[in-house]
Structures are given as C-alpha cells and as structure tokens.
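J.: What follows is each chain in one-letter form.
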Amino acid sequence: MPLLEIKNLKLDFKQGDKLLRAVDGVSFTLDAGETVCLVGESGCGKSVTALSIAKLVPTPPAIYPEGQILLNGQDVLKMGKNELRSIRGGMVSYIFQDPSASLNPVFRVGNQIKESLKLHRPKFATDAEVIRLLKLVGIPAPESRIRDYPHQMSGGMQQRVMIAMALASEPKLLVADEPTTALDVTIQAQIMELLLDLKKRLGMSILLITHNLGIVGDIADRLAVMYAGQIVEMAPANQMLKRPLHPYTKSLMHSVPKLGHELERLNAIPGNVPSIGFMPTGCRFHPRCPIAHSDCSKNVPELVEVEPGHWVRCPYWPEAVGEKPRAQAAV
Amino acid sequence: MSLLEVKNLKVHFPVKHGLFSRVKAHVKAVDDVSLTVGHGETVGLVGESGCGKTTLGRAIIRLLDPTAGQVFFNGEEITKLKQGELRSRRRQFQMIFQDPYGSLNPRMTVGQIIGEAIDIHKLAATPEARRERISSLLKDVGLDARYADRYPHEFSGGQRQRIGIARALAVEPKLIVCDEPVSALDVSVQAQIINLLMDIQREHKLSYLFIAHDLAVVEHISHRVMVMYLGHVVESAPSKTICRRPLHPYTQALISAVPEVDPESKRKRIILPGDVPSPINPPSGCPFHPRCPIAVDRCKVEVPPLREITPGHWAACHLAGTPAGVSGTKVGGPTLG
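For the record, the sequence lines run as chains A and B. Going by my numbering, 12 is the number at position 12 of the first sequence; the sequence numbering is gapless. Going by my numbering, 13 is the number at position 13 of the second sequence; the sequence numbering is gapless.
Among the clues, some could well be false.
Taking beta-carbon pairs under 8 angstroms as the criterion, some of the chain B residues facing chain A (in silico) [unchecked claim]:
1) A117
2) A191
3) L254
4) P323
No lab work stands behind these hints, which were simulated from the structure alone. Positions of the beta carbon are idealized from the N, C-alpha and C atoms, including for glycine.
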C-alpha cells in the first residue's frame, strides 16, 4: 500500500453562486521513501493539491465534490478535527515558500521548534533535541542559535529552521511548497542539497512543489506536471527530463534559461495560464500549444499510459516528441 | 563616449545607535565600483541578496545619493545636480522594479500610470496625442490598447511587469535600470519578459543595466556581466567569456548553482558554505575568503585589486591567472558550447 494515494481529487471554490474548479481530477500515488515533484506555473492548482493532503484548505470556500486522499489507507477528507490535528505536522509536515512569513517573529526559534515537539513527541521536548535537529539541518553553532529570533537569521537559515521544525515530529511525508523560490541561487543549491541528504538519511517521502524544472533533476524519483488543475504528464523523473512527451512539459523545459546561450531569444510559452473559471474548451493547453490541431479545441484529452509508467494527456504526443524546439517562437 | 560612466562610486549607510543617534558604524553597501555602459549595450549585474547591486542601480539614477564618486550620463556629471535639474534629466534614465505588485499604484488605471510620465515631461500636446501614445506603448509591450482603462489588480504578474516596462518607455529613455525584473515571475513568463526586453532594446536602441541574481538569466540578455560580492565588483567580462572561463571562485560557484534541466549533465556542483557576511563588519582581506574553496593565507590579510587578467576580463582574486587559481577551463559541463 502506498503512503499517499490521491484518487480523482476535485476541488471547487465557491464564489457567489458560481463554483470555480481549481483541481480537476488529480490522481497520483507516493510510496514510502519516494520523492514526487509537482511542477507547473502559478495558478495551475499545485499548491491547493498539496495543502489538501492535510486538509489545510479552508472549507468553505473550498468544497471537495469528489475524490479521496488516502494517507496510510485513511481518507483525510473524511477525518474529524482531532484526527486532522494529529496528522498535521505529525505524519505530514509542510515547508512553505517564504520562511520569514512562516516563522513567528516574536518567539525564539528554539521555542518554535519545541512547540512542535511538545505536540507530537512530548518526551523529546528538550533543548538537546532542538539542538540535534538544528545540527541535522546544518545550522552552525546551534547551541547559540536556539535563542535567536527569526529576524536575526538570513533567509537560508530561516528556511533551515522551518525544515528542522517540520522534521521535529518525524513525519512520514514532507511537503515542500516552493521551498527555494524566495532564496538566492547559491542558497537554493544549499537547501536542495540538504533536502536530498535528509531524504537519503531519514528515508521519508517528499512531495516537492515547484515551477522550475531545473531544480528537480537531482532529487525527484517521479514528476507530475500540472496545467490548469489537471495532471498533463506523469513519469519517472529521468525519463521525463530526457524525453518529455507532452507539448506543455517540453515548452516549460525550453523556457528555463541555460548557460552558454548569450543574447539568444528564449523559447517562451505565449500567453498566460487560463484563469480559473475561464477554462478553454477541449484541451486546456490548446490556445498556447505549438502543435495544436483543429480538433484540440473540441475533444477533451484523457490521461493515458503511453509507455510503462509514462502518462500523457495529449493524443498528439508523438508529434511533440518529433518536433524540434523553435528558436524564434513568437511571444 | 559611453552613455553611462560610473567612477569609484561609494554608497555608505550610517548605522545609528543609542542616545543622540550616534553613528556607530557604516554599512558599505557599494564600495568603490566603476563601470561603463555603452549605447545599445546591456550590462548585467549579478550577485546574491545583500551584495549591493540594487543600491548601486538606485545610486546611479540618483534615487539614492552616493557617498562618494561620480556618475556621468552622456558626459554630464549627474551626481552634483540639484533636484530640479535632475528631474529634466530623468527623462533619459528610467527604472523597472522587481515587484510588479508593489510598483504600480492600485488606485490608478493603466492609462493614468503611463500617462503620468507623459504629462510630467509634456510629451503630448493634445489629449488625443496622449491617448494615442498610451495605446502605442501598450502595443509595444504586447498588451491590448483597451487595457488602458483597467486597474493593476486585473492583471497577472507578467502583464503587470509589461505595464511597468511601458511606463519606463513612455518618456523615451536612453537607459533603463532593470532591478530584478523577472525574479518574481514564473519561468515561462520570465522567458516572455526577457524576450520582450531584448525586442524593445533593438527597436528603441536602448541601453540596459540589468540587475539579477540568476546568472543564466543575466547571461542571456547581457553583452557584459559584472559579478558583485559584498559591495565590490569581483569579476567583469563579456558574457560569453564569463560562463566559459570564469576566473573568480565566486563566479564559478554561481555558475554551478544555475539549475539544470538535463539529468545527464554531470556538472560538478560547488556548494558554497554559509551566507554572505554582513557588510557592517566585512571580513578582512578578500571579502570572499571565509567561503572560498581555494583561499590561501594571503587572502585573509590582503584585499585583492580588480586586475585585467586577459584583455577585457577583470577579476579581483589573488590567484586568478595563476596555476593555483581557478583553472579557467570550462566548468559548466556538456551543455556549454
């Protein structure tokens, strides 16, 4: 049995009389010790999917009309308040994008970590355990740092404290929602290295959410690319990065700037992610798709397993693979 | 003559403390930086947060008053100009800001935001001419002319950044200082904005000072790249050279930190330990030595000057160009080339 199994998850936001669908039929599994990355642009529904795992999206305005989130076989969406409290920060821990906004500015970082210990492992709510956790996430001289306030630390250090706090309850699943987006590139490299190291040492599962395909290569076992509330491609990480099948994945990869191509135009994806409530008919990517056919605006494509373990939501994927990246794509 | 010339610019902020606000120390945000930007040229400025790159950009167009040094724009020194004189010169240099949410007034329509600059510099004689100018500016940045009546909250981040660009273009500037214009955007939108900036540069013959922390982005758009660390320029070279043959160990670490999509690339990652030190109390000698993988004893005491190692390629490292230094061979792995 997988640690996490999301089955046909649908999430609506109620706005007046209208229901706006943010997540539309997302299904994936996450095994113990596995790392899955959810990739997509802002507004594609990746963050609300991740927050749903501990039912952290407030209901209302959110409504779950269909779907199951099975965590160790139990449906999170049917859990009561007390059960939810024990899994939040217990079996599932979160790290968020902006560490300076996630830490409480008026408490010392040591006490904030201890709070998580008190809730989930009361026997270990000691300074020694806090120091051990800070050492685990690579904070130098943790003995003196536990009395620091968040503002005394840099962004990278704060994110390490957030990770230490998330690890305090010895979670089975760590959900990292854009953990490095607010950080500098050199610090981003440090934090990704730390997550990779923790994954190896502690053997926990990680669900990493990012918009940058460039940072997933080292850490991910499997990738799921989301677009407009749906998974459009899912495959083992190496397989997808080497040979993306969906035109959206391909475009996303080409839009990452690479070194050694000075003064060249980037392969931008024209247009924007459709806003929720104004989804195009047929395939949701067709207005921006470089290989769109005339019937793409009519037929709704299904997510199909085209190769073992490789799922794609595009009937014309062989064309996407054959197509060369266009250097002069119009903006 | 180059369009912009900056000579030995210093920006120090006093740190006040205690009774009577005594000045205790100085934050040397920018310390002795010189640079030039030619006509139609893009100079990239890279570094981590807190290295002084934004302060430098702001001091150059005098949103901040520099402590020392000179800035020449088209041969005229602008560091000594009075506010009134400065206002008329501001038409020639504009800025695009990082946060597309914070830099547009939420109570003004897009037309008012762009029109304000046109009014201040009296660039449109009649209301029709003004409206026409706003429409054509919106078209230039890839937006619909009808958007002029909408408010900023109706737009996505990428579209807002386009509005910011249109506002900067409204006064027909010669130089635009772009302060992290794409770091708040998604990768796909980031690519759109970079392409747009390159198109506009060609059409309007603009010069850019492009500030960012992502070397891959900077390298894509710039002719020349300068790397800053703790208020100092540590390396400066044409963008082609800096990626293929970086001489400073800090530049090399920055290059290795660029995210790489290709799983096959066996690029060696150099993970720098620690953070950028505080500019209030910078390390002795070379400011980079506490994090430097190849530091020797000399680095702890002696500040390395910026030297021209090969023609056009400057580096501030004692070991640059010597066998003990960064070899100067390519480090980027197979994707370079």
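J.: Compare the structure with each hint and give your call.
T.: Results for each hint:
{"no.": "1", "hint": "A117", "result": "violated (24 angstroms)"}
{"no.": "2", "hint": "A191", "result": "holds (4 angstroms)"}
{"no.": "3", "hint": "L254", "result": "holds (7 angstroms)"}
{"no.": "4", "hint": "P323", "result": "violated (25 angstroms)"}
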